[in-house]
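Following the hints, complete the assembly by docking chain B onto the known chain A.
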Amino acid sequence: AQSVTQLDSQVPVFEEAPVELRCNYSSSVSVYLFWYVQYPNQGLQLLLKYLSGSTLVKGINGFEAEFNKSQTSFHLRKPSVHISDTAEYFCAVKGSGNTGKLIFGQGTTLQVKP
Amino acid sequence: NAGVTQTPKFQVLKTGQSMTLQCAQDMNHEYMSWYRQDPGMGLRLIHYSVGAGITDQGEVPNGYNVSRSTTEDFPLRLLSAAPSQTSVYFCASRGTRGSTDTQYFGPGTRLTVL
Numbered sequence: 001a002q003s004v005t006q007l008d009s010q011v012p013v014f015e016e017a018p019v020e021l022r023c024n025y026s027s028s029v030s031v032y033l034f035w036y037v038q039y040p041n042q043g044l045q046l047l048l049k050y051l052s053g054s055t056l057v058k059g060i061n062g063f064e065a066e067f068n069k070s071q072t073s074f075h076l077r078k079p080s081v082h083i084s085d086t087a088e089y090f091c092a093v094k095g096s097g098n099t100g101k102l103i104f105g106q107g108t109t110l111q112v113k114p
Numbered sequence: 115n116a117g118v119t120q121t122p123k124f125q126v127l128k129t130g131q132s133m134t135l136q137c138a139q140d141m142n143h144e145y146m147s148w149y150r151q152d153p154g155m156g157l158r159l160i161h162y163s164v165g166a167g168i169t170d171q172g173e174v175p176n177g178y179n180v181s182r183s184t185t186e187d188f189p190l191r192l193l194s195a196a197p198s199q200t201s202v203y204f205c206a207s208r209g210t211r212g213s214t215d216t217q218y219f220g221p222g223t224r225l226t227v228l
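Taken in sequence, the protein lines are chains A and B. Residue 77 in my numbering sits at position 77 of the first sequence, with consecutive numbering throughout. Just add 114 to the spot in the second sequence (first one is 1) and you have my numbering.
Excised from the complex, chain A in its bound form (with noise of 0.2 angstroms):
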């Protein structure tokens, strides 16, 4: 079965400091890849998405995200943070079979302080 583990819980960084978010991902052939990002009392919105083709998505704010076939990684990036990147990010991968359902991570606070 399709899973995804984000390896942080919590992420705490300064503002304008780098900053990555892991994902890991199990997945059989076709691997179809997602960040969304949750802000405060908000539903969930697209970051990025790896479909096919070059490894280094560019996303939405900035972020980008690198697919990693040898690691099973879909790691976030952003070099320089705002406070308003505060957050929580979910990494998700397509499920199998033709319903397009997604397997969520279980999240990654981003918390940027000043």
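Since the hints were derived computationally from the structure, they do not count as laboratory data. Please read these numbers as outputs of a predicted model, since none were measured by experiment. Hints are not guaranteed to be accurate.
These stretches of chain B come out as covered by chain A in the derived footprint (C-beta under 8 angstroms, 3 or more residues) [what the hints assert, rightly or not]: (1) 142-156; (2) 214-228.
Partial list, computed: chain A residues near chain B (C-beta under 10 angstroms) [said to hold, decoys possible]: (3) Tyr-36; (4) Asn-41; (5) Gln-45; (6) Ile-103; (7) Leu-110; (8) Pro-114.
Cβ atoms here follow ideal geometry from the backbone N, Cα and C, with glycine treated the same way.
Structure of chain B alone, referenced to chain A:
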């Protein structure tokens, strides 16, 4: 274009009461789904639908019923609420069945069962 809407935003129930969480989308999406979000567990799929008249169970369906009589609406019913159903519930929709299109999430319903 309102996207995905959910009502109510907050609800408090007593054990054994029933209620329906409403979800609607105006994007003519075929695929709709319900997730629950619990601390440290990410989002877990409750039920999903790939089109009007078609529903299926997700990862945690017990205690919940759904129906899909129209493309736009996908209500979630709790027939006899239990404290274990205290959670935040998100509805999501996506364009084409089996695709990797972006899922759009509603703002959530925060449910407390006493």
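Against the structure, the hints come out as follows:
1. 142-156: The restraint on the stretch 142-156 of chain B holds, since 6 of its residues have a Cβ under 8 angstroms from chain A and three suffice.
2. 214-228: That given contact holds, which follows from 8 residues of the stretch 214-228 of chain B lying within Cβ reach (below 8 angstroms) of chain A.
3. Tyr-36: Status holds, d = 8 angstroms.
4. Asn-41: holds, 8 angstroms
5. Gln-45: holds, 7 angstroms
6. Ile-103: It holds, given that the least Cβ distance between Ile-103/A and chain B is near 8 angstroms, below 10 angstroms.
7. Leu-110: violated, 15 angstroms
8. Pro-114: violated, 26 angstroms
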